[in-house]
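**Student:** Sequence:
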Amino acid sequence: MQTSNLMRDEVHRELRRQILDCTIPPGAELRESELADRYGVSKSPIRDALLKLETERLVVVHPRRGYQAAAISLSDAADLFDLRAILEPACARDAVARAPEAELSRLDAFRSLQAYARLRNSAEQPPFVVYNRDFHITLAGLSANRRLRDATVELIEQFDRLVIMSVSQPAAQGPEKLLAEHGAIIDALQARDGRQAGRLLADHVVKARKRVLAALSRFAVVA
1 MQTSNLMRDE
11 VHRELRRQIL
21 DCTIPPGAEL
31 RESELADRYG
41 VSKSPIRDAL
51 LKLETERLVV
61 VHPRRGYQAA
71 AISLSDAADL
81 FDLRAILEPA
91 CARDAVARAP
101 EAELSRLDAF
111 RSLQAYARLR
121 NSAEQPPFVV
131 YNRDFHITLA
141 GLSANRRLRD
151 ATVELIEQFD
161 RLVIMSVSQP
171 AAQGPEKLLA
181 EHGAIIDALQ
191 ARDGRQAGRL
201 LADHVVKARK
211 RVLAALSRFA
221 VVA
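When the count follows UniProt numbering, it moves up by one through the sequence shown with no breaks and lands on 223 for the last residue.
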């Protein structure tokens, strides 16, 4: 049983990663037999993983037709951003109140995209996608409230698809302004200014919402 659960968890983790980084495109059909051959397992752990991904809203189950990677919905993306605008500022305020000084100092690693990309050295995704996700997850991780932290990190992880699709647009904004916004947030956190950190982060999420939704509207996504 333990081996079976481990196999299911590994398949789930890999499928989840491929859906989030758009290796499996939004709307793609997912066939149990093909996935079982790809991963060298039986259909059972594939089915379990797909059903778990359905609960995470990353897979859609069509009775008697199979499975499909969830399409990107503009309304769902907007809902995710609205929730982020609540959770991330709360994490920032909690970090200001309770995070150790050494942890706040480590945020300096995010002041330069180029330096962080060299440090991270990830070839799996575009450098900015990795940098942006790591910045927001690191910030959420500074909260001492475990439930708040876990909920925020889980939410942020679902944004990879949105960021990847938006930065691929010809009119996508360069990273300079985003890096400046991150820098201002870091300054406020390190100054222990909870009100300013929360305000800047909420404003940052609102700007990202507008930018990403505009980019997604140029794709064939579900309204």
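Don't read these hints as lab results, they were simulated from the structure.
Predicted model only: the values in this text are computed from it and were never measured.
Glycine is no exception: its CB is placed at the ideal position from the N, C-alpha and C atoms.
You may find that some hints are simply not true.
[Said to hold, decoys possible] Distance windows between CB atoms, simulated:
1. Arg64 x Ala191: 45 to 53 Å
2. Ile86 x Gly40: 41 to 49 Å
3. Pro126 x Glu56: 20 to 28 Å
4. Ser73 x Asp193: 31 to 39 Å
5. Glu56 x Glu32: 31 to 39 Å
6. Glu154 x Lys177: 22 to 30 Å
7. Glu101 x Glu32: 47 to 55 Å
8. Asp82 x Ser44: 32 to 40 Å
9. Gln190 x Glu154: 24 to 32 Å
**Student:** All hints are to be evaluated individually against the structure, with a verdict given for each.
**Tutor:** Hint by hint, here is what the structure shows:
For the hinted restraint 45 to 53 Å between Arg64 and Ala191, the CB-CB distance of approximately 59 Å leaves it violated. A hinted range of 41 to 49 Å for the beta carbons of Ile86 and Gly40 is consistent with their spacing of about 42 Å. The hinted range of 20 to 28 Å is satisfied by Pro126 and Glu56, whose Cβ atoms lie roughly 23 Å apart. At about 36 Å, the beta-carbon gap between Ser73 and Asp193 stays in the expected band of 31 to 39 Å.
In this structure, Glu56 and Glu32 break the distance hint of 31 to 39 Å, their C-beta atoms being roughly 18 Å apart. Checked against the given bound of 22 to 30 Å, the beta carbons of Glu154 and Lys177, roughly 27 Å apart, stay inside it. About 51 Å separates the C-beta atoms of Glu101 and Glu32, a value consistent with the hinted range of 47 to 55 Å. Look at Asp82 against Ser44: about 38 Å separates their beta carbons, and that is inside 32 to 40 Å.
A hinted range of 24 to 32 Å for the beta carbons of Gln190 and Glu154 is consistent with their spacing of about 26 Å.
Checked against the numbered hints above, the structure breaks hints 1, 5 and satisfies the rest.
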